[in-house]
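Asks: The numbering of the sequence shown is numbering that gives the first Met the number 0, which starts it at 0 and goes up by one.
These are calculated hints, taken from the structure and not from any lab test.
The reader is advised that the hints may include incorrect statements.
[Said to hold, decoys possible] With a straight-line Cα cutoff of 30 angstroms, these simulated DSSO-like cross-link-like pairs (lysine-lysine) come out: (1) K70 x K31; (2) K70 x K133; (3) K59 x K70; (4) K59 x K177; (5) K63 x K177; (6) K177 x K133.
[Unchecked claim] Derived DEER-like restraints, expressed as beta-carbon distance ranges: (7) I151 x L5: 33 to 43 angstroms; (8) P159 x D104: 19 to 29 angstroms; (9) F85 x K63: 15 to 25 angstroms; (10) P184 x T114: 25 to 35 angstroms; (11) P159 x K70: 48 to 58 angstroms; (12) F54 x I32: 17 to 27 angstroms.
All values derive from a computational prediction rather than experimental measurement.
A virtual CB, placed ideally from N, CA and C, is assigned to each residue, including glycine.
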Amino acid sequence: MIIFWLNSIILSILTLIPLLIGVAFFTLAERKIMAGVQRRTGPNVVGFLGILQPFADGLKLVLKEIIYPSKSNYVLFTFSPMLVLFLSFISWPALPFNLQTIFIDFEYTLLFFLTISSLSVYGILLAGWSSNSKYALLGGIRSISQMIAYEISISLILLPVIAFSGSLNILLIMSFQKMVWYVLPFFPLSIIFFISILAETNRTPFDLAEAEAELVAGYNVEYSGIIFAAFFLAEYANILLMAAFFCNTFLWGLIVFIFISAFIFKLKNSYNSFFIHIYTFKRPSL
0 MIIFWLNSII
10 LSILTLIPLL
20 IGVAFFTLAE
30 RKIMAGVQRR
40 TGPNVVGFLG
50 ILQPFADGLK
60 LVLKEIIYPS
70 KSNYVLFTFS
80 PMLVLFLSFI
90 SWPALPFNLQ
100 TIFIDFEYTL
110 LFFLTISSLS
120 VYGILLAGWS
130 SNSKYALLGG
140 IRSISQMIAY
150 EISISLILLP
160 VIAFSGSLNI
170 LLIMSFQKMV
180 WYVLPFFPLS
190 IIFFISILAE
200 TNRTPFDLAE
210 AEAELVAGYN
220 VEYSGIIFAA
230 FFLAEYANIL
240 LMAAFFCNTF
250 LWGLIVFIFI
260 SAFIFKLKNS
270 YNSFFIHIYT
280 FKRPSL
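Take the sequences, apply the hints, and build the full model.
Replies: Okay, structure coming up:
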């Protein structure tokens, strides 16, 4: 039993390391694209063409002082970003990278994915309430109302996909798309689903929860340092997660992080062979 849990923990770490690296470079790509749209250069100082800029930003946030607002709930103030970050990572092992690479496979992976994605609402609510700030509370309520509204549309859009596949397993839904991708028979639903995940992850033009016109970041306005970085990582991890979920549901998972999935598949195979070798070496002879 100890070996089984140790194996599960190590496989989860092998999943999270490429994910964190992917989140870092995804933030760099977004800043580069936004700079190109606005005819700017974007990050280009740290490293070759600014490729090390995400790591410099992460180091800066880790070294900055954490400022707690007066009369705030310190426990919930610190716990809420950790909860949001944990919930953004826990769904990845149940999401197939391709038809051969999945770490946790059971019958109701789709239901598990929807349940975990809806639980992040509680972390945002706790963050806005525990800050003891009216701006943070209003930003949290606005973000929660938007997330809850579009979670309903996401769940309703997935009903025809579930009925067509006859399963709640994401891996089986992917395998049913070998003949035809679901984006073709469900093209209008796929467009609505894409718009809904944009709203779910607070992307443009649904970034009203950040309230940039009011110079208030939203529910995380009182956060600083590494606990603000936890919200930042969770937000971009959710963007990548919803993009992967869209590809698995409607595009056969064919373009889901091709390089990351290949890297994880090689890591998993090499680790499994090493683990089997160690286990057989330590197993007592009968």
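Asks: Compare the structure with each hint and give your call.
Replies: Here is what the structure says about each hint:
A threshold of 30 angstroms between alpha carbons decides the hint, and for K70 with K31 the separation of about 40 angstroms lies outside it, so the pair is violated. For the hint linking K70 to K133, the alpha-carbon distance of about 13 angstroms falls within 30 angstroms, and the restraint holds. The straight-line distance between the Cα atoms of K59 and K70 is roughly 27 angstroms, inside the 30 angstroms bound, and the hint therefore holds. Between K59 and K177 the alpha-carbon distance is near 46 angstroms, which puts this suggested pair outside the 30 angstroms criterion.
As the CA atoms of K63 and K177 are separated by approximately 50 angstroms, the hinted pair breaks the 30 angstroms bound. Straight-line distance between C-alpha atoms of K177 and K133 comes to about 51 angstroms, which puts the hinted pair past the 30 angstroms bound. At roughly 40 angstroms, the beta-carbon separation of I151 and L5 lies within the given 33 to 43 angstroms, and the hint holds. A hinted range of 19 to 29 angstroms holds for the C-beta pair P159 and D104, which are about 23 angstroms apart.
The supplied range of 15 to 25 angstroms is met by F85 and K63, whose beta-carbon atoms lie about 22 angstroms from each other. Between P184 and T114 the C-beta distance comes to about 27 angstroms, which sits within the given range of 25 to 35 angstroms. Between P159 and K70, the C-beta spacing of about 49 angstroms keeps the proposed range 48 to 58 angstroms intact. The hinted range of 17 to 27 angstroms is satisfied by F54 and I32, whose Cβ atoms lie roughly 19 angstroms apart.
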